[in-house]
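There are 2 protein chains.
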Amino acid sequence: MIVDPHEISAAGMQRYMLGAVAPRPIALVSSIDSNGNVNLSPYSNFNFFGANPPIMIFSASRRVRNNTTKHTLENASETREVVVNIVSFDMVEQVSLSSTEYPKGTNEFIKSGLTEVPSLKIRPPRVEESPVSFECKVNDIVPLGTEGGAGNLVICKVLLMHINDKILDQDHMIDPYKLDAVARMGGNWYSRANGEVLFEVEKPLADQGIGFDQLPEEVFEMGFSKNQLARLANIRQLPDQKVHPVKNRAEIIEMVKIMLREKDTLGAWAHLLGLIDAEK
Amino acid sequence: MIVDPHEISAAGMQRYMLGAVAPRPIALVSSIDSNGNVNLSPYSNFNFFGANPPIMIFSASRRVRNNTTKHTLENASETREVVVNIVSFDMVEQVSLSSTEYPKGTNEFIKSGLTEVPSLKIRPPRVEESPVSFECKVNDIVPLGTEGGAGNLVICKVLLMHINDKILDQDHMIDPYKLDAVARMGGNWYSRANGEVLFEVEKPLADQGIGFDQLPEEVFEMGFSKNQLARLANIRQLPDQKVHPVKNRAEIIEMVKIMLREKDTLGAWAHLLGLIDAEK
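Taken in order, these protein sequences are the chains called A and B. Each residue of the first sequence is one higher than the one before, counting from 1 in this note's numbering. Each residue of the second sequence is one higher than the one before, counting from 1 in this note's numbering.
Pairs count within a copy or across copies, as identical chains cannot be separated in the list.
EDC-like mimics (lysine to aspartate or glutamate), calculated; alpha carbons at most 16 Å apart, straight line:
#1 K157 / D4
#2 K257 / E221
#3 K263 / E200
#4 K242 / D277
If you're looking for bench data, these hints aren't it; they were derived computationally from the structure. These numbers were taken from a predicted model, which means no experiment stands behind them.
Given only the sequences and the hints, what does the whole structure look like? Please build it.
As structure tokens, then:
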């Protein structure tokens, strides 16, 4: 299916983009207006963009429905300070509640039952329940359009980062299981990043793997998944060692798959090359 | 733990930001240089920012290690066109392989075994294996700094969106289960958005839920999780109907939790209010 932005409504385009660009991390943003009234609201058009300087951007977009903007945008513009709070699973429904369009001046901390903690460098409070909070100065606000559905980039510089000790591992790094982050998908969908869906892929070799184009053509006929082939291709050169096959073809291929799962790529290759040689 | 960006190395700050702002969606970006050489590389400092106009931003950041930039950035600057391809689980190891730093001019489609399909409006090809691809014009490139770790915003306008029919539901919307997206976490970690980790949270009431501050104080002593309390607070007003308790307190609370899970908030309240009345 092809979607042409010029031939679909803004609401339709937004639905497809929300469905496709996912999962999106959530910034739960606390801000204050010039009278000191506190506001709290979640944004998933958000990410960080470089660590030096440490820059975060979220978009407080113009509503598709009625082309109005959110209080966070007014506050960020008035007082130039925000806290970006990260969202974990055990607070997700409170965060959803904070996205209610209460009248300006309503403190969504109170409505959503989340806890204010004074920030150290700026006036808006941070969220105690969040595993990580970033105290930020607003560098710039960049409108991307004037109609409903237009983004407004709020470009923020991180002044200070708070990390709850509970989510750190023994090396004082953030443990993804303990972080237990949630992210936004399309529609009303969220996804939780924990348990069996977390997996590691070792970074590819700095000295360059052989790539798919250097794989012996025989391996494409052995029923490997593309992910398994990619693992075979991420080796600096084919090993010299070959293991002469003592099992049948299907058993060897099965064993090779297990070795790939256990990240023994060299061992997998030795058996594969032995099999290919024997079949020549 | 407090992290002050001025008191930590750029590499250290980057590690913490990668760990905390997660899961991040992945843009697998295809581009060409002025000689027509194709390049493919993944970026997770990425999101979309508004649907009208449909804008995507990814950062091809300056490497912390040696302050160099990636070929994608040079290509985007030279030829002002990119395809942003979305990444599903069954292609994740190929995508990781495409992030290898091959010499300029190397076509990572070939190295990673991914398939080029000609785009309709621009010159860089899209990735056939991707469930969704966005043909984009590069509107602007904004450097955020000059040192290692500095972001370079590549601001793109979507010209055309391709969606594989296989990921659509019967209403022609994107089905998150069929999308089977993967996202980046810190370190070598990825997370897969599928199966039991996908869940729905109904958007809060447009006409404003009562909020935590209007919950009867008794419900805070009943062992509900914060997520359950948030669901109770997302109701326009307390119902008049009360169910006189015919079971004991623990049984009623357990039943209320089940009703909340099944999204019968009105029913849950009727039993809760009956219990509170009876205990007065």
